Amino acid sequence: MSNEFEAFATTPTLTLEPFPQEKQAVVQPAPEKEAEALDDSILTEEEKKAVDAFVNQIDLTNSSVILQYGAGTQKKMADFSESALENVKTKDLGEVGDLLSDVVRELKDFDEEEEKGFLGIFKKTSNKITAMKAKYAKAETNINQIVKVLENHQVQLLKDVAILDKMYEVNLTYFKELSMYILAGKKKLQQVRNEKLPELLQKAQQTGLPEDAQAAKDLDSMCNRFEKKIHDLELTRTICIQTAPQIRLVQGNDTLMVEKIQSTVVNTIPLWKSQMVLALGVEHSAQAAAAQREVTDMTNELLKRNAEKLKIATIETAKESERGIVDIETLKTTNESLISTLDEVMKIQQDGRQKRQEAEREMQRLEGELKQKLLQVQA
Numbered sequence: 005m006s007n008e009f010e011a012f013a014t015t016p017t018l019t020l021e022p023f024p025q026e027k028q029a030v031v032q033p034a035p036e037k038e039a040e041a042l043d044d045s046i047l048t049e050e051e052k053k054a055v056d057a058f059v060n061q062i063d064l065t066n067s068s069v070i071l072q073y074g075a076g077t078q079k080k081m082a083d084f085s086e087s088a089l090e091n092v093k094t095k096d097l098g099e100v101g102d103l104l105s106d107v108v109r110e111l112k113d114f115d116e117e118e119e120k121g122f123l124g125i126f127k128k129t130s131n132k133i134t135a136m137k138a139k140y141a142k143a144e145t146n147i148n149q150i151v152k153v154l155e156n157h158q159v160q161l162l163k164d165v166a167i168l169d170k171m172y173e174v175n176l177t178y179f180k181e182l183s184m185y186i187l188a189g190k191k192k193l194q195q196v197r198n199e200k201l202p203e204l205l206q207k208a209q210q211t212g213l214p215e216d217a218q219a220a221k222d223l224d225s226m227c228n229r230f231e232k233k234i235h236d237l238e239l240t241r242t243i244c245i246q247t248a249p250q251i252r253l254v255q256g257n258d259t260l261m262v263e264k265i266q267s268t269v270v271n272t273i274p275l276w277k278s279q280m281v282l283a284l285g286v287e288h289s290a291q292a293a294a295a296q297r298e299v300t301d302m303t304n305e306l307l308k309r310n311a312e313k314l315k316i317a318t319i320e321t322a323k324e325s326e327r328g329i330v331d332i333e334t335l336k337t338t339n340e341s342l343i344s345t346l347d348e349v350m351k352i353q354q355d356g357r358q359k360r361q362e363a364e365r366e367m368q369r370l371e372g373e374l375k376q377k378l379l380q381v382q383a
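What the sequence shown shows, in the working numbering, is residues 5 to 383, in sequence order.
Careful: at least some of the hints might be erroneous.
[As the list claims (entries may be wrong)] No more than 20 Å apart at the CA atoms, straight line, and that leaves these computed lysine-lysine pairs for PhoX-like:
| no. | residue 1 | residue 2 |
| --- | --- | --- |
| 1 | Lys-190 | Lys-180 |
| 2 | Lys-152 | Lys-163 |
| 3 | Lys-221 | Lys-80 |
| 4 | Lys-277 | Lys-137 |
| 5 | Lys-190 | Lys-200 |
| 6 | Lys-232 | Lys-79 |
| 7 | Lys-207 | Lys-190 |
| 8 | Lys-277 | Lys-142 |
| 9 | Lys-170 | Lys-79 |
| 10 | Lys-163 | Lys-53 |
| 11 | Lys-170 | Lys-80 |
| 12 | Lys-277 | Lys-264 |
| 13 | Lys-180 | Lys-79 |
| 14 | Lys-180 | Lys-170 |
| 15 | Lys-264 | Lys-163 |
| 16 | Lys-52 | Lys-190 |
| 17 | Lys-232 | Lys-221 |
| 18 | Lys-142 | Lys-152 |
| 19 | Lys-180 | Lys-52 |
| 20 | Lys-323 | Lys-313 |
| 21 | Lys-200 | Lys-221 |
| 22 | Lys-152 | Lys-264 |
| 23 | Lys-190 | Lys-53 |
| 24 | Lys-190 | Lys-232 |
Honestly, the hints are just simulated from the structure, not real lab data.
All of these numbers come straight from a predicted model, not from anything done at the bench.
Start from the sequences and build out the full structure, keeping to the hints where you can.
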């Protein structure tokens with residue numbers, strides 16, 4: 005592609021040959037009567053002189069000249085447009101965009117595999133450093149492969165940007181060339197219609213010969229055909245004008261992709277790697293802090309347990325040391341039990357005494373009844 009547009013000329017030239025294959029003829033300046041002022045502000049002084057010289061070479065009485073006028077430039081424009089189209093068609097900026105997305109996806113998958121963010125990886129108690137290094141190595145391998153492809157695309161895009169500059173230069177050359185053809189044609193058309201055609205019309209009126217009238221009519225027809233040819237060239241020039249911003253748009257897209265690739269390679273990936281180093285350092289510190297925290301927690305727990313045990317032992321010892329041989333509660337209970345026993349004994353004794361008295365009275369009654377009965381029998 006680097007030599008693809010070398011065949012297109014970058015200097016505007018004018019020729020009456022239809023499709024020049026060799027070196028194009030250079031028109032020589034020739035003095036001529038100036039035509040009515042036309043817009044030639046885009047041309048240099050040398051190009052203006054070349055236009056004025058080329059006007060004298062145009063023969064509107066020659067049908068082939070009219071037919072082939074500017075055809076060479078139109079053919080080169082067609083070839084140029086085809087080459088430009090092929091250059092655009094062979095680009096696949098979508099692939100570059102997909103590769104950039106792949107880089108982001110790799111970084112995102114690594115960052116979110118355990119938890120959101122690098123610090124989320126530190127929330128599990130397993131051996132995270134080994135897992136992090138393994139994931140980092142895998143992600144780095146994938147990213148490095150993508151970066152190689154991106155760098156190749158970057159080199160190609162930089163070449164394309166340079167080629168598009170060449171394309172823009174060639175397109176500008178054709179624009180000037182078409183403008184020179186149009187300017188020269190309009191000048192020639194003015195000359196013929198203002199000078200040659202009135203002469204033929206006057207001659208035909210004077211002679212009254214049909215051939216003179218036909219000659220005037222033929223020249224007028226040629227002028228009309230030539231005017232249409234100039235209009236066709238103006239249409240081609242319009243296409244040339246529209247091609248310029250299109251080239252710049254494609255070039256802008258290429259430049260944007262180059263910048264994105266450059267930013268990814270130079271900024272994003274090194275930043276990710278530095279964050280990975282920091283993440284590993286943070287994990288080491290976190291593990292050390294966790295170990296120290298466990299030791300501190302265990303020490304505090306042991307101190308609390310020992311203090312509690314010491315408290316309990318001290319209190320029990322103090323209680324036992326202050327305690328008498330027999331508890332007052334025990335004496336109280338024993339005394340109450342003894343009193344209750346004595347009360348029971350006294351009640352039993354009283355009940356026994358009362359029963360004996362009742363028994364004695366009963367025996368006396370029985371004895372009296374027996375005596376009485378015995379007396380009754382003796383009588």
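task = Any hints from earlier that this structure breaks? Give me their numbers in increasing order, please.
result = Hints 3, 7 and 10 are the ones this structure does not satisfy, whereas the remaining hints hold.
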